[in-house]
Each structure stands twice: as C-alpha cells, then as structure tokens.
Amino acid sequence: MRIACPHCGLRGVDEFAYFGDASVTRPAADAAETAFADYVYLRDNPAGAHRELWSHALGCQSWLVVTRDTRSHAIETVEAARDVALARTSEAQS
Amino acid sequence: MPEPLLARSALRAHVAPEIAAPAPGVVLRERTDLTLASVAAFKGREAELADAVRSAYGIELPTTPTRVAAGEVAFVWAGPGKWLATATGPVDFSTLPAAVADQSDGRSVLSVSGERARETLATLIAIDLHPRAFTSGDAALTHAASISVHLWQTDDAPTYEIAVFRSYAATLWRWLVHAGQSRGIDAKL
Amino acid sequence: MSTDRYSIFSVLRESLRGHSGWKPAWRDAEPKAAYDVVIVGGGGHGLATAHYLASRYGIRNVAVVEKGWIGGGNVGRNTTIVRSNYLLPGNIPFYEHSMKLWEGLEQDLNYNAMVSQRGVVNLFHSDGQRDAYARRGNAMRLHGVDAELLDVAELKRILPMLDFDNARFPIKGALRQKRGGTVRHDAVAWGYARAADGRGVDIIQNCEVTGFRIEDGRIRGVETTRGFIGAGKVGLACAGNSSRVAQMAGLRLPIESHVLQAFVSEGIKPFIDTVCTFGAGHFYISQSDKGGLVFGGDLDGYNSYAQRGSLPTVEDVCEGGMALMPSIGRVKMLRSWGGIMDMSMDGSPIIDTTPVDGLYLNAGWCYGGFKATPASGDCFAHLIARDAPHLVATAYRLDRFARGRTIDEKGVGAQPNLH
Amino acid sequence: MSQSHRLPQGGLIDRAKPVSFAFDGKRLDGYAGDTLASALVANGVKLVARSFKYHRPRGILTAGFEEPNALVELRSGARREPNVRATTAELFEGLEARSQNRWPSLAFDLMAVNQLASPAFVAGFYYKTFMWPAALWEKLYEPLIRRAAGLGRAADAADPDSYEKATAYCDVLVIGAGPAGLAAALAAGRSGARVILADDDFLMGGRLNAQRFEIDGNSSSSFASSIVAELRSLPEVTLLPRTTITGVHDGGVYGALERVSDHLATPAPHQPRQRFWRIVAKRAVLATGAIERPIPFGNNDLPGVMLAGAVSAYLNRFGAAPGKRAVVYANNDDAAKTVGDLVAAGCEVAAVIDARGDAPALHEAARACGATLVFGRTVARAYGFQEVSGVEVSGPKGDSFNVPCDLVAVSGGWSPAIQLTNHLNGRPKWDERLAAFLPGVTPPGMIVVGSANGEYGLRDAFVTGARAGAEAADSCGFSGPGFQTPRLLPEPEEAYGDGPWRPTIKRGKAFVDFQNDVTVADVELSAREGFRSVEHLKRYTTLGMATDQGKTSNVIGLALMAEITGKSIPDTGVTMNRPPYTPVAIGALGGAHRHKEFKPTRLPPSHFWAEEQGAVFVETGQWMRAAYFPRTGETDWLQIATREINTVRSKVGVYDASTLGKIDIQGPDAATLLDKVYVNAFASLGVGKARYGLMLREDGMAMDDGTTTRLGENHYYMTTTTANAAGVMRHLEFCKQWLWPELDVHMTSVTDQWAQYAIAGPRSRDVVAALVDDGFDVSNEALPYMGATELTVCGGVKARLFRLSFSGELAYELAVPARYGDAMIRAIVKAGEPFGICPYGAEALAIMRIEKGHAAGPELNGMTTGADLGMGRMMSKKKDFIGRAMAGREGLADSARPVLVGFRPVDRSARLRSGAHFLPKGAGNEAANDEGYMTSTAYSPSNGHWIGLGFLSRGSERMGEIVRAYDPVRAGDIEVEVVSPVFVDPEGARLRA
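Residue numbers (full-length UniProt numbering), protein chains in the order written: chain X, 1 to 94; chain E, 1 to 189; chain Y, 1 to 419; chain W, 1 to 993.
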C-alpha cells in the first residue's frame, strides 16, 4: 500500500503509523464518563470506506486523515489531520 | 580551569569503517562543518518569518519538499511550516521570529555522491531518486531501512546529503558502506 | 454399507474395497424453518459451539449457518499454535480449559486433529524481559498451568539452530510451556463439523446472514440468502466479520478488524521441534507435520477485510526469522495468507449476552482465536444453554470497557493493532 | 557415454564451454547455457527424484518453474539449498546436486515400501487413525510422519551469503520476456518511458527460444536476441533477467526476486546471492505465458512422461533429446509442433494419440512423419520399471494395445499463467472454449497479454503485447513508434484442449498433483466424503499445496471434481493464488541487515570513552548503554555496581543520561499543551524550574514520566523515558495536530542534540563548580533542587545545568551539545578526580532508583494507573487532561487494586526476585490468593540486603505485614515484609543539600 502524504507525496505504507478510526471525536471535558468510554473503545469498523488516522512517522510527522476502502485498500483521499480538525472546530463554533 | 572541550564526530573508524576505492562509483563523507537549526513558524506569523529569512539570507522559504540555498545558507523544507536551516560555518539562526532549536549536534550529515550513488541509496531508501523524479534542490523526509533521514540533492553528480539523528550515524555509515561495497565505494572519515 | 467410525481398522477395511464405503464427513444440510439455536459462522468457534451444545448441553436442534464453506476463515488461516501461557487471571483459566479440551479432543471427536504437544518457547533477551516472563510463569503456576524458565544451556539443546553467538539481541533464556504445541487447523473444523453433524446439528453452507428479526427486543431468527430461519436463540461467532454482523442487530462493538499474515515454507526434513517465539524480532515459528516451517509476525496494523497483507510486513517477518535462525536463509517461503482478526480494544475476547434478548456474542479473539476454539465453543454453548457465563469465562464481559475491567495482557491500551 | 542424448547440433547452449557437474556424486558433463535438467536429459538421466508420499520414481516433467518432480538439493553445508527445481537451476562448473527423500539411494529406495501400503495411505487417512492411544501420537506416530515428510534439508549453518533489497520505480513494468513481453517492452521503451522488463529465465525470449518459428526469415531465437539488444540500448529500459515477479501488492508495488549469483558456485566478492526488489510501477503488462497441463492416466508419473512443450524446449533450446522413440499424447493441435520437433531432431515418433475425435493439424503432423495415428482413444497407462517403456492405449469398447516407447510427450492443453492477477483478490473467470481460467478483475494498472490472456497464437502475442506496451506508456505520458509485428509463418490455432480428466481404465495410479502424490482416486474420495468445494479439496487432499503450488495440477483437480459431482467448473470453485508466485528464499526477503546489524545500534555521546574504560554494555532497545565499569580485579557485576553506588552515595559519580528522550517545546501555547498531556500542572511552573510529570493514555493508564523544565515563558524542555521517546513525540504531535489544532506550539526532538550527564553524590557540586565558567553560581541558593539554568562550561561551551536527581543524592544533570559529549565526560572525570569520582552504569542507576522507590519501565508497564504508582494525589482536579475521565472508572478507582510498595526479605540474607507473586502468609499456592507481583528487585548496598518494589493489593495499608513472594519458576518462595518504597533518605534531605 502507498499513501499520498499531502506534503511529501506518495510513500510506502512502512513510513506511516496507524492510529485508527478518525470518525470518533474526543468528548468535551465535562462530558459523561460513558461518552469517553464510547470514544475510547467503540468503533464502527466498516467493510468499505473508512476514515482513519495515520501519522507520517518516518516522514514529515504530519497526522493524516485517510479515507480508505477496507475491502480493497484503495485510498480515496488523504487530508492533513490538522486541517480536518480545524474545519471541525470552526464548524462546531458556527 | 578545565581544558577547552574538543568537538568530535559521532563516527570513529571502528564503528564506521573507511574504505578506499581507486575509481570510486560512490563516495561517502561526513559533513562536519554545518550549522543546523530546526525552524518552525508560529501561528499567524508565517509571513513575518518568510520576510525575516528573505531579508537576512536572501532566501525564499520553500513550501514544498525542496532546499533553497543562497551563499553559505540554505533552508530545507522539513514538514508543513517547518524547515531545517543549514549553514557552512557558524550562523546564529536563533534570532529568527520562530521556534528555533539548534540541531548542529542533533544530526550528523553524510554526503553520498558519484555515478552509482543512486543505485547504492536505492538499497536503503525507498523513494524515487531518478532524475525525472528527484533532482538538485529536491529534499525528502524519509527513511533508510528503519532509520529516519532527511535528505536533499545538492548537485547533478549526483550528490546527496543525508541528515540523520547523531546516535544512528555509525549504523547508517556501515549500512551505506555495506551497500556500496559491490559498487566501488570510497568512504573516508 | 458405509463406514461411520474412524479407526485403523476401518481404514484397513476400506483400503480393501477402494475406500468406497466412506460417508461424507458431514451432511450438506438444507435449512429447516426453525431451530432452537442458530449459530452464525461455520468456523472453528461456531462448529465447536454446535458440538458442545449437542454433546454437553443437550441442545441438538441446532443449525450452523456459514456464508461460504465451513472452515474457510481463520480456523484455516492461522499458524496452528495452541498454548495457555497467559498472564492475567481473566485469561489463564479460560485458555487452560481450552488446553485440557485439546488434550482430549481426538477421542471426543473420533477425529485425529494431530494435537501435538511439542512445547511453546518464548525467548527473552534482557533481565527485564526475564522478570516479565517469570511473572507470567508464576501466574500460570498459580493457576495450575505448567511453566518453566529455561537457561541458555537448555535452550541450546532444544533449539540448536538459534543465533546464540552473533545476535543483535542476545538470547538469555526462555519461558516454556511444555504442554503447548500445534494442532492441524483444518482438521479441527472438520472434526467438530463431523461430530456435531453426527449429533443432528445442521451445517448449512453457502448461507449468508443478511439481517436479524428482532421483535420486542427479542431475537426471532435470522434472514439469510437462503431465506428466513427461525431461532429461539442466535449465537454470533463471526470472527473478523463480527462488527458487520453485529451491526445488523444494531450493536457497535469494541472491535477493529485487522489483517494478520502467516507464512509457510516448502517442506523440509525435521528442523525445529517446538514452537518458538522471538518477541524482540516480531517472529514466531514452528514446523508442520508435512515439513513446512510455519511462521508469522505482527499484524499489518490497519483495518482491513481484504484477507491479504502488505509486503513490508512480509519483509519484517523474514528479517526477524533470519535474525533468529540464520540457517533458514536458503529455505524458501512457499505461501502466505492473511486472516481477518477481530481485534478487541484490550486484546481479550468477549463471550457475553447482548442488549437483544436471545442474541449472544462470541468475538474479539484477536490473533488468539485458534487456540481458544474448544473452550470458546464450550463456554459459548454454556452461555447460550444456561444464560450464565461459564466459570472460566466470567471476565469476558462486554461492559468491561466502560467499567474499567479490561484484560490487557500487553498493557498497550485501546490500540488494537498493538495487541 | 557422455551426453548420450545430446543432439549433434542445434540449441542455444555454448558447445565451446563444457561444464562438469555432479548428480548424486556421479560426474557428468554439460554445456554453458544448460539447466541442470537439460544437462541431465542430455546425459540420458531420467530418474531424478522420489515422490513425497509413495517414494515413486520421478523424472523431469517440464522445462520451467512449474516443475513438480525434479527437485534436488543443491550445494552443501551452509550453502545447502533444498527443493531446487532442476529445470531452472543453471549449470555451473562444479555444481553438486543430490536427489532427495530417498534411502539409501535414488535407484534403490527402501521407503518405496510405502507403495505397498498405499491403498491405506489415501487422502486424509491420518485424520481417521493414529488416535489410540493418545500418548503415542507425540512419541511414535508423529515422529514417523515427520521424518517421512518434507523433501530436502535446510542448511547446516548460518547462510554465509548476503542478500540485498532495493526499490525501483518505473512507468511500465513488463512481466515476462516471451514474444508478448518483448513486444510490450519495446513498444513502451521506444517511447522513452521508464521500463523494467523482468523474466525468470536467464535467457530472454520465452517460447521464441524453445520453439522453432521463422520470423522475418530468421530463427525465432535470433529474433528474440535482436529485440533484447535493442532494449539494452535504450537508456530508460532496465532488463532484469533471472528475476521473478513474486507478488503484486497494493499501490502498484511488485515484489521481485533477482537471482544475482545462483548461476555461480559462490557469489563474486561483495555481491549478494539474491536481490529482492520492490518495484513501484505505474502500469504493468503481464506477459507470463501459459503452463501446459498433463493428462491423468495410469502411471503418468513414470520418468519419461514429459509435457510436450518441455520436450520441444529440450530439443530446440538445449539440443538434448529426452527420448529416442516417442509417443505424443495430446488433446490439442499445439502438440503438432512437438511432433515436428521430434522428427526434426531425428527421434522416432512411434504414435500420435489424440484424445479428440477430429483434429486436422495434429493428424497432418503425424502423417507427415509417418507415425501411427490414433484418435478418439486415450492412454490408459504407461508401463516400465523406473522409467517408461511403453503405453497402453485403450479404445471406447475397452479394447487396448501397447506401444513401446521411451518418451511420452503429453499435452492436456494450457493454463494461462494468471497467478499474479489474483494477488489483489481478483477472481479469475472460467473460459469454456479454452477450458482455462482467464484473468478476471485485474490489479489496478495491469494489462494481461498473449498466452497469459488466452491469446495463444504467436501473432496475437506480438500484437497484444505491442498494443499494451504502447498504451501503458501513453497513459504515463510517453508515445513512440511502437512495435510492428514481424512476418510470421502461419501456425495452428487450436492450441487449447479439454480433458479427458478421468482415465477410462484404472490400472496404475493416475496422478493429478505429482509432488504431493494426489491421484484421481484421492479426488474421488474427497468428493465422496463431502470435501467438494475447491477449498476443501485442496486442504483435504493437499492438491496444489506443494512447492509448485499446483501450477500443473489445479485445473485438472478442479475439472475432475466438477465431473465427479456433475457441476460446472465455476460452480465447483476457483483456485485463487497468493504471493509468492514461486517460492522465495527467506534470506532474500530478510535482506542485508543480519546478525548485529539486524536493527540499528544507537550510540550515546560517551560511548567511545566508555569503550576505552572497558565498560560492559547492555542493549536497551536500540541503544547500547554502559551497564557497569569494571576495574582491575573485579569480575562480578554486582560487586562492581555496589562499588559504583557506594562511590556515588559517599563521594560522586557520573552517568550518561543522554538516552532519555528530550523534546524542545516552544510557543505561546506550550504550557497549555503540557497541562493537557500531564496529570499535573505545568503552566504554574516558574521559569528556571523543573517538575516531575506523569502522562496517562486516554484509557487512564500511565504512559510515561519524566521531568520538564521551563526555560522561558514560552519555552519548555521535556524529558521522556528512553523507551518511549518516539512514542511521546508522536503523542504530542497528535494532541497538537488533531485534538487541539488551535494550539500555537512546536515540538522538536533534541534527544541527539544534547549530551546529558548526571553528576551525582555529595561532592557533585564541587565537580560542577570546577567545570562551569567564571561568573556562574551553582550554590544551593542560586540553583536549588529542581532548579535549572543556562550557562557555559570549560571556557565558553554553552550548557544547561539541571538540579535533578534520580539517584536520591545531591545531583546535577549537565547538558552540552553532543559534539562536546566525548570531551565533556573526560573533563567531568578529570574534574572529579580530586573528589573520588567514578563513572557508573545502567545497573547502578537501576539499583539506586529502586532504593529511592522511583517507578521505571517495570512499573510503567501499561497496566498501572497513577494511583497504583502512588501518584493519585498528583492528578489535578482543576483541569482536563488526557486520561482523566477514564481514570475515574470503577475498575481503575477500585481500592483493592495492587499499589506500589516496597519489600524487604524477612530473612535479610535472602534474595528477592522480580516476577514473584505475592500471597498472604499461610495461604495456599492458588490463583485465588494472588495479591500482586514484584516488579523490581536489587541488592541494596545502602541497606545491606535485598529490596524490592512491587504492586500489592491495598499495599499502602499493609505496612509491616509479612507476605510470601512466591516464585515457583525459579524455585523461590520467601517471606517478605511490606515497607515504604523509599529505602534511602525518605525525607529527601540529601537531594536538597
């Protein structure tokens, strides 16, 4: 598998470290304990399109949000996680 | 009063073997004369940093994986909003309006050049170094086998410079020598 | 006349008549309208569950529905290792129960699954690792499980081909469980299928579950590609597909599906007579009765349902192999395969009821499902039959994550690809 | 007679270069350009192997990598390689090959008694027996089975040759250098695209070398060599002969094995034996050709039964005759070429037997050579002792007659070599007309051409290859003149065949999978017992599971099962293939970095100095750390560590702490970030002060700890444990980039920038004072405990000085740029001499930290909470931080959890061991009584006895209680007293001195 880092270009999967589901969001500090438990432990785990976090660990250290098909390993999009997170924050504020 | 401290490389011949080759296909050396610094722009102050670099060194900060050099100073892209500043000889980068950390000792820089340099590097580094894909002025953050490296090409000989965390330098040297042996490597400290 | 019972005598008798009297090992059953229990998943765990439901808990009106052919999933795609060398009190009794069932399996099933107790050896390379294995070995001994620490001299006798002299991570000893070993994986599925079939269980192949019929919070049956099948109780034993199937019942699980590759070499004459794991090199190896070196390493590390792995993992595993036993350099890798692992968030399994009445869950086996097969079947059958967890599986509850009662052998937290 | 079966002329061998070799110790001759198999053929050697299960005599079936029979052991000792296909092994001077799986010899193999028992040894027989008594399985049955199993032997010692891995990129990868591949490579290459052409053979050209075509008026082999010559002249074309594409992987990555030196006795100096390539290709053209199928009949495994295409290859390419009087048995017209080749080589064609009713081309060929022509009949069996001496031909009415011969050339049709198209789960599709699987969904970017796509004609190969090569280049932005199909003589079109799969008369075993001894009867039994899907068939009978991976057998097995069960082939199943395409040496996949170079070795700045001191080193992850520094006369590590500790506690010692992770953190939000990742507060830390911090994972368990110093308002310097340095860095970036992207803060690893030395002991201030430049004050008032300052040492070298202590003594950590690290340690030792300084290593440090009750790796084991570690009160209630919420869960807040306490043996002379479990005094050795475990133990020189740290249920409430430390794996069981985890200076007076 090769992942197109938006900063560095296409690189082999061995440059990247996987973290997991990018669709879960850390609850607010005052959220209930169960909300944190769901965040930490529960996953959709779809067979198909999956938004997931990777770190370009042996590259530019950027965290990435990769949309990938878990059946074919075909990658649809790769975004800088920071951009996605900033968009999420501004969405939440607006 | 103690004696002044001598600066020393991370390499010694018994962990970084020297090899002579009469007509070398690849030449391996250490660059010991470089000043290095990590430079990262603060939020909203990217333009200020770019201006400062431009006015101090006449360099346009690269925003893609490239290296821009002017005289003895160069800025190598090191990730979004981050650079590795390099200079031949002592230059103080800490006055730049950015997060600056001295890396002159944190990295060892190895220079690999010669007509079989690409072939040698292809055994350790998995990015495409073919001239159509990577040429003088290009830079990359990648790995040599399992070792993180920051490399850039400085001329069409071709010459590559590879910055590696200092503690890994001896291993990387040995691995380069091993890979270069069938390709006529000349390695001298 | 046909032959039912397997033995040396029946084999000899059949050899005199061209083996014409053997019956199918199991019937290729058509689905009935309804069963007391429907097990979803015709892998090792599902078939074992059916067998124990029928043989131990007296429930014979059982169907196992399988979307493809039985035994085509992880029970046929693993490195065949069995062991009970666990660390934590939630796990040891369960895996030891499994070990004991392995030890009597062939007589129970009248099927030779080649349970081979050739020992499992875990190498250590530092004082810290030795102490961690001592802690594990002592925990095992407290649970009545065999465990011993081996020194280098003893290891050299058992595993002379290891790189003792020139290794990056010097070998300093090992933890061994002598009763651990290997089992012929496919035979486990077939043996359970044949035994369950013999007790009246319907094994229904090429029958994929497409949904659940749930009324008033209670399960009524399963929708399948071969029509609706009514069921008093439904047990899910879908391994890597657990999340997908559970989702049809509205459940979200603490599970990610990951690919684990394994490899076998061409057959060679006897080379290694035990199972050996090399944690520092992410490598483990044994040799099959057919002569192939069977080996593997870490997960590829990302969610996948593709049953195939990536090249860097193959290279890492072989690099580890060469670091451990450099005399295998010229032995050739013959085949690779990838299994879909239901990686739970703490690395330990789940055998529990669900919020849907009559729907039971058996999942989260990570890469350890094969060795668990008999106990998983027995405990799941117990849970389904009695609506109470089996004594050795009380820790495998679904709510343990929310309650902070996780069973994390590796201490890596909610990061499935690291377990 | 030497080379009795070598033809007087012809072939692509170099008759000017004779090569001598040995098979089973017998010296034989061949020529450069031979394979081992062709040289054996040329020498009239037919018996080359014994089969796996029945030990039946076996010969050479094919002329390529699909060979199931002719496997040999090559070379000897540490270079011994098992299961080498004689058909692909290149001959070299002095080659030594041995037959396998026979005893005492190949011709007289006592294990062939297995054939007598063969009626019982059917597929799956072992599942049905050897069950009683259970104890005999490991002791008797299994060892017997194991000894019988396997063919060759692994080497005796570590592989002395090296391997190399490399990455290559190209626009177009062409796989296979037969006519289609050559055309594709040339069409792509002429466009200027970057092209790699890989072929497993040492001679490129594929069937152009094995068959006799006329192309543009010349021989096909010379045409092939002219194309190869042009390809070689193109600067962006790379030719990789002796290279097998082993796998197709996600993202256009292809694995390839190049046999760099296997055609030599030993590799040239510094050359690897093999090189494993990862080829990243934008487009690929698959031109792997097709594999001929045998036809099952009785004794179809007898040496002398050979595939027709292989017969042609031995005759045409190698100038060697596999027999003198041949029977050709085929179901397709392609075999007509073999008839022609045999006649041209002067061999007699005794009979041409066509399983079909009517097949003009084959009949024409037979007629032309005057052979007996038989059609509509089948070969019932071959006969002969250890090699074929004739065949029995049977007709539809049960009539039969014999034809004496020493060679049976068989063609059961062709299977396109589509294995690589399956590697990304693309299922092949069955083609009824061709009776073969064709590529279904192909991997992204791959085009399949020529015979591999069922287009068997030579013209089709050139046309489809050229078109695909040009298209592939074009899609990468390159266009060129392409490749024009040369002038060809017409050839027969019906190069495919279907059946018969089941022999009509069952006399003699009819083999489907030669290598695994799977017969037609085994497939029938498999069907009878319900193992009818292809997956069950394979697993139950082992069909297709041998080293040839069923390349010649899978389709036959499937067709048989379909016929037996009355289903279609697609309904019976599809044979899927996974990497590798052909077996790959584990050494090649492992690569160059072996033994001590298995992983990088990180050297800290004091390493060379420590070597000079005679330090003993210990691997700590990738780091090499000095464990202790022996002095003359000292031999025992504990004695040395004790001396080092006593020196530290009474005078002063120095330790290289540089391996700790060091992270430079700058920015207006630096404090905010630290407050989010640490359980305790850092925003409130004063400039010039350091603080111990604990980090949790989000699940509430302790992740890492260390001290962080505030160097400026917006500037912190964090240290992490050695083991977690990279992980903590990634975690901080995760927090910054993903969780709180609004933060304005930057982290940079400076682990390698600073050489950091701990100078510890009551005289440490004296040593430090001797090193710092004039004007810097290191007094207790100026630099109190947990203070930090930037200064210069030794005449202007910039440095950071921290008043930190892991040992519990008055101590400093002095950091200087790493280039001065070597000189610094020497200067420290020199400056410390008047005060009695000694260097100390990791062992002494580990003991001293246990004496102080500091948690380290064994306590931060990922299963412990802040409260377990006795740091519950450090966890801020005023702020959110990672792990806060989950740390509050019932299971983590349970007061019965084991917590960190100290232990000492009741019998003070007793030794403690980590890993022991705690049981209440008087309780039985049962799991129910397990109350925790010992994590760290040491002989404490300061206490004069062993001490330990460990986790004990409710431990902090049980001070003074006696419990048992139970350690059966080391025969240990001693009583210990629960004590405070701080064994030295509990008030901390010394470190504040």
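Hints are not guaranteed to be accurate.
Under the rule of at most 25 Å between Cα atoms (straight-line distance), these lysine to any residue pairs were calculated in the SDA-like manner [what the hints assert, rightly or not]:
1. W/599 with E/177
2. W/139 with Y/148
3. W/879 with Y/100
4. W/599 with Y/161
5. Y/100 with W/135
6. W/879 with X/93
7. Y/290 with W/118
Simulated from the structure, these hints should not be mistaken for lab results.
Here is what the structure says about each hint:
The hinted pair formed by residue 599 of chain W and residue 177 of chain E meets the criterion: a straight-line CA distance of about 16 Å does not exceed 25 Å. A threshold of 25 Å between alpha carbons decides the hint, and for residue 139 of chain W with residue 148 of chain Y the separation of about 21 Å falls inside it, so the pair holds. In summary, the hint linking residue 879 of chain W to residue 100 of chain Y is not supported, as the alpha carbons are separated by about 51 Å, beyond the 25 Å threshold. Restraint check for residue 599 of chain W and residue 161 of chain Y: satisfied, since their Cα atoms lie roughly 20 Å apart, inside the 25 Å limit.
Restraint check for residue 100 of chain Y and residue 135 of chain W: the C-alpha separation of about 14 Å stays at or below 25 Å, so the hint holds. Proximity of residue 879 of chain W to residue 93 of chain X is assessed by CA-CA distance (about 22 Å); at most 25 Å being required, the pair is judged to hold. At most 25 Å may separate the alpha-carbon atoms for a hinted pair to count; residue 290 of chain Y and residue 118 of chain W meet this at roughly 17 Å.
Checked against the numbered hints above, the structure violates only hint 3.
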